[in-house]
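Could you build all of it, start to finish, from the sequences and the hints given here?
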Amino acid sequence: MTEKLVFPSDEWIEKYVDALNKNARYEDAAKTWEGDFVFQIDADGKTIPEDVRFYLDLWHGKCRSARMAGPEDTAEFVYAGPLSNWKLLFDGKIDPIKGIMARKFKLTGDMGKVMRYTKAALELVATTREIPTKYLDE
Amino acid sequence: MAGYRGKILQVNLDAGATMVKSLDENLLRQFIGGAGLATRLLYDMIDSNTDPLGPENPLIFMTGPFTGTAVPTSGKSTFCSRSPKTGLLGYSTVGGHFGADLKFAGYDGIIITGASKKPCYLLVEDSDVEIRDAEHLWGKDTEQVWDVLKKESNHKVAGVARIGIAGENLVKYASIIVDHHRAAGRTGLGAVMGSKKLKAIVVHGSDRKVPVAEEEELRKYTMELNEDSKEDPTFRMYSDLGTAGYTDMASLMYGSFPAGYYTVAEFDTYNLSGTTVKETILVGKTACFRCPIGCGRVVEIPEGKYKMSKFAGPELEVTGTMGSLLLNNNAEAVSYANMMLDLYGIDTISGGNTIAFAYYLFKEGKITAKDLDGISPEWGEIDSALAFIEKIAKREGIGDLMAEGSFQFGEKFGVPELAAQVNGLELPQHDPRGFSGLAAGYATSPRGACHMAADMYNVQMGQPNEAFGIDSVDRFANEADLVARHQDFRCVTNSAVICNFYPVDGDKMTQLLRLVTGWDISVNDVVLTGERIFTLMRLLNLRLGYDTKNEILPELISRPLEGATEGHVPNIDEHLNKWYETRGWDRDSGRPPKNRLRVLSLEDLV
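Going line by line, the protein sequences match chains H and V.
Reminder that position 116 of the first sequence reads as 116 in this note's numbering, one-by-one numbering, no gaps.
Reminder that position 336 of the second sequence reads as 1336 in this note's numbering, one-by-one numbering, no gaps.
Fair warning: there could be bad hints in the mix.
[Said to hold, decoys possible] Cβ-to-Cβ under 8 Å is the rule here; a few derived chain V residues that face chain H:
#1 PRO1233
#2 GLY1274
#3 THR1275
No lab work stands behind these hints: they were computed from the structure.
Glycine included, every Cβ here is placed at the ideal spot set by N, Cα and C.
Following this line, the structure appears as structure tokens:
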């Protein structure tokens, strides 16, 4: 049985970047995308005492670099939400744009730019399903 | 009577007389204002024998208790009449500042009856009301009329509602253009105005303080709402990109933005979207009264084929009908077409649909260039559409038939079933194959295919409304029960009146109503009021000949498409079963039961 990796962690990110860079659908949908993201799991005061963040530098259909991030890290976009909503997202119960529209996630950055790459956003999420994942509260 | 002026201005164009009538507070508590109150007043004035374009059909303009107050987006108000387009209830909600101006002049609404023998316009300056000659305005476009009347009335910022040449020529989907080119576009009320030879209404009010029950509390609450709204993604998107900012998401993500007259699964809207407009031809933004969003665009095209001076830019609907529906992805061309439609005073949805239908039938070989006065439309080009717009406005040649609408156009050529319309009104640019809730929404809407009476795309994208029991799970599921509840909610917002784009739910609406009117009301009272208004609209429509056999979707919408809709087609029959079950109404007759009418205090109307 494949070992589950904690989301997010260095190990999870490494696997994810590998999978994303092999995803031809993502590469096609994001071939003109230029922009980096900080993804944030919001602190809930219980399981997650402080915000947990990771960084992806996305460029022309590939991920150029990725790592866990600290509170001081900045990026063109920040996509943030509580762990419960990240689970809904990874389970396909909500899509990344619906997550924003339903205010389950907060996007900081140029929304218009993101709207142009909704297919790429779907592929970013779809790729997570290739990673055996366990969550911070498991 | 906080939130209201308590007065309706009545104008009889037959007699050239005006009078003022008091409003009954009990009526206001039951129907609030806007679309609800206007429908209730209309109910007593028309029946199935009323000719929509006859002098006996009244044109009602109605504000709500929010109009002109500190409530955000409270510049909204409603025109209402029997629709010449559908034969059913016609109403159209519009922004600008015209509604607020009327409240400042001391009135909650205007009821116009009869018809003038010659062109006229109505000038309202507080208690001074005058019917003036408009021979010099007849034949002028909506921009020219606006300019002339601002000068003539000596009020640079007067509220001005006017019709263009399409309204004069009784184009069945003529719009009423208000202030900075906001349109009361749907259901052809511009033609009603034209039938009365009423070119414009000009309003200037000097008492800019509309009384509200809890002024300080309202101020604090609206500040809280505005602060919270800044986090709302729809608010942010419309503010930054205009409503056409939704284009990319609708087409790429959800497949709900129709293309190629509802037959093409995927069309690249990159060059059409609000983002492109922002990056290329946008030179400014406009906002309606008390609107913190400012979705209005101002564009300018300094040179080229579609050269135009500063004018209102394209919003989402015209981006669809003059863009993707024609497989045209040129934002400059769409902007130019939008300007023509606004200047002539033509509903961009019905007009654009009818034109796209001509393209489709031509390409399908159902009609020939001979049928179209020698025009041979091709997907992707818009010059044919520009020619059709002019012909429609002037009712010239084939334009005379096209001015009747899609159904009549299809009927003439033996294919009425291919017209994308419901109950006589053409489809907005939100495809039910992308959001299933639009199916029952269109089929049961009081005014035909309408996205504003139940904007289910917002609901099914995840905007919950706990007070009304609305929380969507799946955009492809049968959520017709949510449609019924959302229709009720929209009846409240369209009556109060507040913009659909402002993010409020049932709880917030209840609190706003309390603070503005001083009524001691609960959330349940507001829910019941929404149901009462929707039910009233159905009762009026039944009186006008509404037939449940017409609660169907266009044939083209029943064809599955690949792409983001994933081949989904809502089963309208199943959706209607659920919708009728939720409402507890009879599916065959479409009639609400007597016991429910008693609960809603509507039993006296049948």
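Consistency of the hints with the structure:
1. PRO1233: 5 Å, holds
2. GLY1274: Nearest chain H Cβ about 7 Å off; hint holds.
3. THR1275: Constraint on THR1275 of chain V satisfied, holds at 4 Å.
Going through the hint list in order, the structure satisfies each hint without exception.
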